[in-house]
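> Turn these sequences into a full structure, and let the hints steer you where they fit.
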Amino acid sequence: MTRILRQLAQFLGRGVALALAAWPLIGAADSVIVLNSLSNSVSLIDPKTYRETGRVTVGKEPHHMMATPDDDALLIGNTANNELMFLDRKTGAITHKMPMLDPYQLAFSPDRRWFVATALRMDYVDIYNGEDIIRRKATVKPVARVKTRSMPSHLVFTNDSKLIYVTEQGSASVAVIDVAARKLVQHIRVGEGPAGIWASPDDKEIWVGIMGADHVVVIDRASSKVVATVSTGAGAHNIFPRGDGRHIMVSNRVANTVSVVDWKARKVVDEYPVPGGPDCLEIIPAANEMWVTARWAKKVVVIDLATKAVKASIPVGRSPHGIYYHAHAPRR
Amino acid sequence: MSAISDSFALVHAWLFETIVQPALFAVGAMQFVEEAFLGTELALWGALQVLVMLLVLRPLEAFIAAEPRVDARAVRTDVIYTLLARLGILQIFFFFLLLPLESELDAALHSVGIMRPTLETVVPFLGENPLLAFLAYLIAFDLFGYWIHRLQHRFDWWWALHALHHSQRQLTFWSDSRNHILDDLIVTLATALVVRLIGVPPGQFIALAAFAVLIENLSHANTRLWFGAVGERLMVSPRFHRWHHAIGEGHEGPHRGVNFGVLFPCWDMLFGTADFRAGTPETGIRDQLAGADYGRGWWAQQYLGFVRLWRSLAS
Ligand SMILES: [Zn+2]
Ligand SMILES: [Zn+2]
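Top to bottom, those sequences are chains A and B. Following my numbering, the numbering of the first sequence begins with 1 at its first residue and continues without gaps. Following my numbering, the numbering of the second sequence begins with 1 at its first residue and continues without gaps.
Watch out, some of these pointers could steer you wrong.
Computed footprint of chain B on chain A; a stretch qualifies when at least three of its residues, placed anywhere within it, have a C-beta under 8 Å from a C-beta of chain B [as the list claims (entries may be wrong)]:
#: 1; region: 29-40
#: 2; region: 46-60
#: 3; region: 290-301
Stretches of chain B that chain A covers, calculated by requiring three or more beta carbons in the stretch to come under 8 Å of a beta carbon on chain A [what the hints assert, rightly or not]:
#: 4; region: 8-16
#: 5; region: 19-27
#: 6; region: 31-44
#: 7; region: 127-133
#: 8; region: 200-208
Hint data in this document are derived by calculation from the structure and do not stem from the laboratory. Don't be surprised by glycine CBs; every beta carbon is placed ideally from N, CA and C.
Written out as structure tokens, the structure reads:
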């Protein structure tokens with residue numbers, strides 16, 4: 001009798017342990033991840049039920065995140081306490097941290113050799129060995145620290161990994177950094193409050209969202225000159241590829257819209273109303289949805305790409321900024 | 001509770017999207033959009049705070065007053081100080097004034113390769129407990145506040161400015177923000193330096209921070225209220241802070257005053273400056289009895305502050 005009881009107890013115990021171990025996985029394995037920049041946390045959202053299933057405390061003022069090149073962790077930049085954090089998106093567990101100066105916007109070079117972080121508060125761009133990050137070294141040192149003008153915010157590598165274009169939000173310009181020379185080689189004047197930046201797949205153009213205006217500008221790489229402006233909406237902020245190689249999405253913070261731009265034709269072809277100060281977005285092709293962080297509304301807004309309807313408006317933490325989903329549209 | 005915070009968020013977003021952001025856009029200052037968003041929230045908290053002051057502290061002063069309220073004009077001036085501080089007008093002014101200096105400071109710290117330690121890196125477990133981290137920062141900043149206050153009394157030039165805070169003979173819950181702008185500026189700068197050295201407190205506890213400021217307002221209230229023998233030693237009370245403002249007590253003796261603590265009296269106990277006596281002494285500065293003039297309105301008080309500073313530096 002006691003043996004049966006003991007076995008039963010063991011069995012139940014194992015069951016409980018299993019359930020506990022699996023608990024964070026439930027709903028988390030397939031989560032949309034959102035950074036709440038002023039709540040110092042990450043929200044895990046179930047894309048099927050549109051419910052927040054968990055919230056993980058991270059560092060102070062996390063703004064942007066990206067997957068590692070092998071997609072085995074999400075990198076989160078905790079800007080206010082100078083730290084790069086590794087998050088397992090399946091479990092929501094923090095698996096590694098390394099000290100890093102004000103990591104605002106993050107990027108790996110397409111060839112994985114370099115990892116770059118802009119320090120918006122400090123006016124630097126730090127270039128690291130990509131391997132140091134991928135291998136999760138305990139501490140990393142930048143191979144180069146490039147001083148920029150005021151508020152370097154977003155950045156993009158050219159597809160050949162040779163140059164970095166960085167928007168200087170406080171200086172109305174874009175800085176061009178030569179990675180091999182580890183030097184800032186040029187400033188290009190673009191307009192007040194440049195933010196999001198994107199390189200065309202043919203490597204010929206750089207597109208920049210001009211927050212202080214109602215348009216994006218096109219920089220011709222050959223001449224380093226602004227050759228076109230495309231009106232999208234007031235407070236043109238961030239730029240994301242649609243995934244079809246042809247269109248880009250531009251979030252307009254003041255106008256509360258997301259514009260769809262045909263970059264080859266340099267024309268706005270469609271527009272989605274998104275309330276609450278749209279910022280970063282992620283496109284989920286399987287559901288034909290666009291998920292947008294609404295900074296001012298403390299919400300993530302889910303838009304049906306076909307009907308333009310707001311499918312859900314999900315309450316999250318304060319000032320939600322970066323957003324990530326593993327089955328996202330191609331980044332092109 | 002969540003209904004309150006939801007409606008707060010709604011008002012915050014509405015205010016920002018219909019007034020603040022369009023204004024920023026119009027004047028071409030969109031690069032400060034995030035600071036402005038936070039600023040709007042703080043101003044809204046400030047407005048809420050003023051409301052709580054009126055609803056809670058005003059009746060308190062009416063029912064258990066320490067002394068009769070006879071000088072309405074003096075109180076009105078302090079209301080102006082409070083609105084300037086709570087609605088963020090001073091902060092906007094300082095922000096743009098200190099912006100270039102701040103980046104110089106950052107550049108200087110980082111050019112020598114300092115990766116500043118934060119409280120969380122020194123005490124790692126605070127990193128996983130934001131509420132505890134917030135309380136740790138609150139205590140650290142209160143200790144800093146205590147010593148800043150000691151120095152405001154210690155240096156003659158600084159006292160020339162801080163005397164403005166002490167010149168109120170009709171102390172009320174509005175008196176907390178009654179400070180010389182140069183004094184405010186110096187304290188803001190010193191705070192920015194400390195923030196650079198030990199890091200920013202976790203930002204999600206604005207409600208708690210607002211509560212802390214309410215305690216400061218309460219400590220100036222014209223009321224006989226005290227917190228009991230134990231409570232007096234845990235939190236600064238109106239009775240405790242009144243001794244700091246008392247004529248012949250608040251700026252005299254070996255430490256040039258008593259009860260410098262802002263939120264917690266423990267620093268005064270630790271450094272031997274605590275005075276837990278009962279009583280409702282008259283407030284002000286001794287030389288006021290001999291006719292010294294610190295000004296009636298805001299402008300006069302600011303001007304006379306500069307004059308005192310000039311004299312003290314010249315002598
Ligand atoms: Zn004092
Ligand atoms: Zn006082």
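> Each hint: holds or not?
To see whether the hints hold, each was checked on the structure:
1. Coverage of the region 29-40 of chain A by chain B holds in this model, with 3 residues showing a Cβ closer than 8 Å to a Cβ of that chain against a need of three.
2. A count of 3 residues in the region 46-60 of chain A with a Cβ less than 8 Å from any Cβ of chain B is obtained; the coverage claim is therefore met, three being the minimum.
3. Beta-carbon proximity to chain B at under 8 Å applies to 4 residues in the region 290-301 of chain A; the threshold of 3 is reached and the given coverage holds.
4. Figure legend: the region 8-16 of chain B, annotated as covered by chain A; annotation consistent (4 residues with Cβ-Cβ distances under 8 Å, at least 3 required).
5. Coverage of the region 19-27 of chain B by chain A holds. Counting CB-CB distances below 8 Å, 3 residues qualify, and the rule asks for three or more.
6. Counting residues of the region 31-44 of chain B whose beta carbon lies closer than 8 Å to any beta carbon of chain A gives 5, which reaches the threshold of three, so the coverage claim holds.
7. Counting residues of the region 127-133 of chain B whose CB falls under 8 Å from any CB of chain A gives 3; the rule of at least 3 is met.
8. Beta-carbon proximity to chain A at under 8 Å applies to 4 residues in the region 200-208 of chain B; the threshold of 3 is reached and the given coverage holds.
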